[in-house]
Amino acid sequence: MKSEFEKLGLHTISVELGEVELQDDITDSQKEILLKNLQALGFDFIDDKKSKTIEKIKNLIVDLVHHKNNDLKINLSDYLVENLNQDYSTLSNLFSEIENTTIEKYFISQKIEKVKELLIYNEHSLSEIADMLNYSNVAHLSNQFKKITGFTPTYFKQLKDKKRIQIENL
4 MKSEFEKLGL HTISVELGEV ELQDDITDSQ KEILLKNLQA LGFDFIDDKK SKTIEKIKNL
64 IVDLVHHKNN DLKINLSDYL VENLNQDYST LSNLFSEIEN TTIEKYFISQ KIEKVKELLI
124 YNEHSLSEIA DMLNYSNVAH LSNQFKKITG FTPTYFKQLK DKKRIQIENL
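Residue numbers (the working numbering): 4 to 173.
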C-alpha cells in the first residue's frame, strides 16, 4: 500500500491498520488518483471525520480481540477512550448511529469470531478459550456463542463446514 502513495510522490510518515499519515498535504488530483488505485486493490478511502472515527473504533476492537489476547481483561470503554481521546458516550452514540448496532455488540461479535477461529484450530479447550477471551466461565461463553451463532461451541466444532465471517464484513 505504501508504494501507491510513493507512486504519486507522497511521503508517508506511518502506515498502520486502517490509517496512513502523510508528510505533506494531498492535492485533489492526487487524492482522486489514489482513491482509484486503492479501490482497485480492495481498499476504501475514508475522508469524513465520523467515518474515520468508526473505522478507528472497529480497528481498535479487531486489534484487541484478534491480536492482543492478554489485554482483553481491560475495560473496553476505557481502552477506546484512552486510544481515541474522546469520551465514551460520544463514541458509543456515533457508532450506534452509523452502524445500527452498539460498540458492545460489535465487540461480542468479534469475540465470537475469535472463538470460532480457536475452535477450528482445535488447539485449546473451551475452558482455555473462555479464559483467553475474558469470559467469566465456559457457560457464559457457550450461552453467548449459541445466542450469536445458533450453535453450541461443541456442535460448531463438529460441523464440517466451519465458515467464519470475514472481519471486515462484520
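For the record, the hints were derived by calculation from the structure and aren't laboratory data.
Note that the structure is predicted; figures quoted are calculated from it, not measured.
Every residue gets a Cβ at the ideal spot worked out from N, C-alpha and C, and that includes glycine.
Some clues are possibly wrong.
Derived DEER-like restraints, expressed as beta-carbon distance ranges [unchecked claim]:
id, residue 1, residue 2, range
1, Asn103, Ser17, 27 to 33 angstroms
2, Ile16, His143, 17 to 23 angstroms
3, Ser130, Leu87, 17 to 23 angstroms
4, Ser128, Leu38, 35 to 41 angstroms
5, Phe46, Ile16, 33 to 39 angstroms
6, Phe154, Ile101, 17 to 23 angstroms
7, Thr15, Glu35, 16 to 22 angstroms
8, Thr15, Val84, 23 to 29 angstroms
9, Glu131, Ser99, 39 to 45 angstroms
10, Lys10, Lys149, 45 to 51 angstroms
Hint by hint, here is what the structure shows:
no.: 1; hint: Asn103 x Ser17: 27 to 33 angstroms; in the structure: holds (31 angstroms)
no.: 2; hint: Ile16 x His143: 17 to 23 angstroms; in the structure: violated (43 angstroms)
no.: 3; hint: Ser130 x Leu87: 17 to 23 angstroms; in the structure: violated (33 angstroms)
no.: 4; hint: Ser128 x Leu38: 35 to 41 angstroms; in the structure: violated (47 angstroms)
no.: 5; hint: Phe46 x Ile16: 33 to 39 angstroms; in the structure: violated (18 angstroms)
no.: 6; hint: Phe154 x Ile101: 17 to 23 angstroms; in the structure: violated (30 angstroms)
no.: 7; hint: Thr15 x Glu35: 16 to 22 angstroms; in the structure: holds (18 angstroms)
no.: 8; hint: Thr15 x Val84: 23 to 29 angstroms; in the structure: holds (28 angstroms)
no.: 9; hint: Glu131 x Ser99: 39 to 45 angstroms; in the structure: violated (33 angstroms)
no.: 10; hint: Lys10 x Lys149: 45 to 51 angstroms; in the structure: holds (49 angstroms)
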